[in-house]
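Trainee: Here the sequence shown is numbered in UniProt numbering, starting from 1 and rising by one per residue.
Be aware that one or more of the hints could be misleading.
[Said to hold, decoys possible] When the alpha-carbon atoms are kept at most 30 Å apart in a straight line, the in silico DSBU-like pairs for lysine-lysine are as follows:
#1 Lys106 - Lys54
#2 Lys158 - Lys112
#3 Lys276 - Lys234
#4 Lys158 - Lys87
#5 Lys135 - Lys112
#6 Lys94 - Lys112
#7 Lys94 - Lys54
#8 Lys106 - Lys276
Hint data in this document are derived by calculation from the structure and do not stem from the laboratory.
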Amino acid sequence: MARPPITNDFSWSKSRHEKFSECLRAYYLYYYRSWGGWEAEAARDVRELYVLKKLHNRYTWAGSIVHEALKDVLLDWRAGRDVDPAKVEARTHKLMQDDFRHSRSKAYWTTKYRKPFTGLAEHEYAEEIPNEAWKQNFETVRNALAWFFQSRWPGIAKGLKPAQWLEVDAGFDFAHFVLDGVKTFAIPDFAYVDAEGSVVVVDWKTGRSRESYDEQVLGYALYIAQRYRYPLEKVRASLVYLNEGLEHDVTVDPSAMDSFRQHFARSVEGMRSLLKDVATNTPRDSEAFPQTGNLDACARCVFRRPCGREPAVAQARPRVA
Numbered sequence: 001m002a003r004p005p006i007t008n009d010f011s012w013s014k015s016r017h018e019k020f021s022e023c024l025r026a027y028y029l030y031y032y033r034s035w036g037g038w039e040a041e042a043a044r045d046v047r048e049l050y051v052l053k054k055l056h057n058r059y060t061w062a063g064s065i066v067h068e069a070l071k072d073v074l075l076d077w078r079a080g081r082d083v084d085p086a087k088v089e090a091r092t093h094k095l096m097q098d099d100f101r102h103s104r105s106k107a108y109w110t111t112k113y114r115k116p117f118t119g120l121a122e123h124e125y126a127e128e129i130p131n132e133a134w135k136q137n138f139e140t141v142r143n144a145l146a147w148f149f150q151s152r153w154p155g156i157a158k159g160l161k162p163a164q165w166l167e168v169d170a171g172f173d174f175a176h177f178v179l180d181g182v183k184t185f186a187i188p189d190f191a192y193v194d195a196e197g198s199v200v201v202v203d204w205k206t207g208r209s210r211e212s213y214d215e216q217v218l219g220y221a222l223y224i225a226q227r228y229r230y231p232l233e234k235v236r237a238s239l240v241y242l243n244e245g246l247e248h249d250v251t252v253d254p255s256a257m258d259s260f261r262q263h264f265a266r267s268v269e270g271m272r273s274l275l276k277d278v279a280t281n282t283p284r285d286s287e288a289f290p291q292t293g294n295l296d297a298c299a300r301c302v303f304r305r306p307c308g309r310e311p312a313v314a315q316a317r318p319r320v321a
């Protein structure tokens, strides 16, 4: 049977909101102009945008590596399998080496590799990154994993009964809910029911703490409460900063949820204000999505070449010794 055509339906996520807030042109290229770039008959410029949107930078790559490793660890414990931390570190190191070689050769333009990794913007734009910086990337990953295995979380996870496990990083194919009529993506890294019958929602972080992360896990709390039919007063949320060895509990109460809903509504309203047709999620012309004036944001952007900002970024970026 033929599959129904894939449609570019409107949805909301924290990452979509952040891109919308940082640069409207990047938002347009990422969510609209690159649409259909996976098709064999896609126009060349659309295909280019689609490949570029899949690239990481070395910081988001390190974070995704840690998340993948912890997902596998938790799934092993959920299935009752033993986990050797040394083997996890070795496997992760090998994966990063393979990723690096794949990206350095720019094979992501011609060869499918693995999800969620395709390549690195640093290689695409020939940035001069010292070897020590790449080594530090692995140290970030190794330190995060080491802290996790020495923390309280292995004891918690291994002590859970089968019925207490709810989710382990379900991914974009599954983890969404409808909020005020909008398909909303929420992907908690770990969710379980504790001994007192409360639901605990956990998000691992490899970077530094940011206030916006509180709103992220509040969205996760709403998702878990809706999907598993738990009252919100029975849901707790926690941010775990693996490289800082810190844990931050996020209050889930009516005031916090009202604040999140207001933030969500403003964000959706702003995004929809740039649509020509809300029903079909059709954007206005590209002129409605201007470039940011912040070259620091451009320096992190995967679209700097098609956007015409590559020369300005290269001129503004200090040379790495």
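Trainee: If a hint holds in the structure, say so; if it doesn't, say that too.
Mentor: We went through each hint and held it up to the structure:
1. Lys106 - Lys54: holds, 13 Å
2. Lys158 - Lys112: Since the Cα atoms of Lys158 and Lys112 sit roughly 35 Å apart, the hinted pair is violated (cutoff 30 Å).
3. Lys276 - Lys234: violated, 41 Å
4. Lys158 - Lys87: Between Lys158 and Lys87 the Cα gap is close to 18 Å, so the pair holds against 30 Å.
5. Lys135 - Lys112: holds, 25 Å
6. Lys94 - Lys112: It holds: about 18 Å lies between the C-alpha atoms, which stays within 30 Å.
7. Lys94 - Lys54: holds, 21 Å
8. Lys106 - Lys276: Since the Cα atoms of Lys106 and Lys276 sit roughly 37 Å apart, the hinted pair is violated (cutoff 30 Å).
Violation of the numbered hints given earlier is confined to hints 2, 3, 8; the remaining hints are satisfied by the structure.
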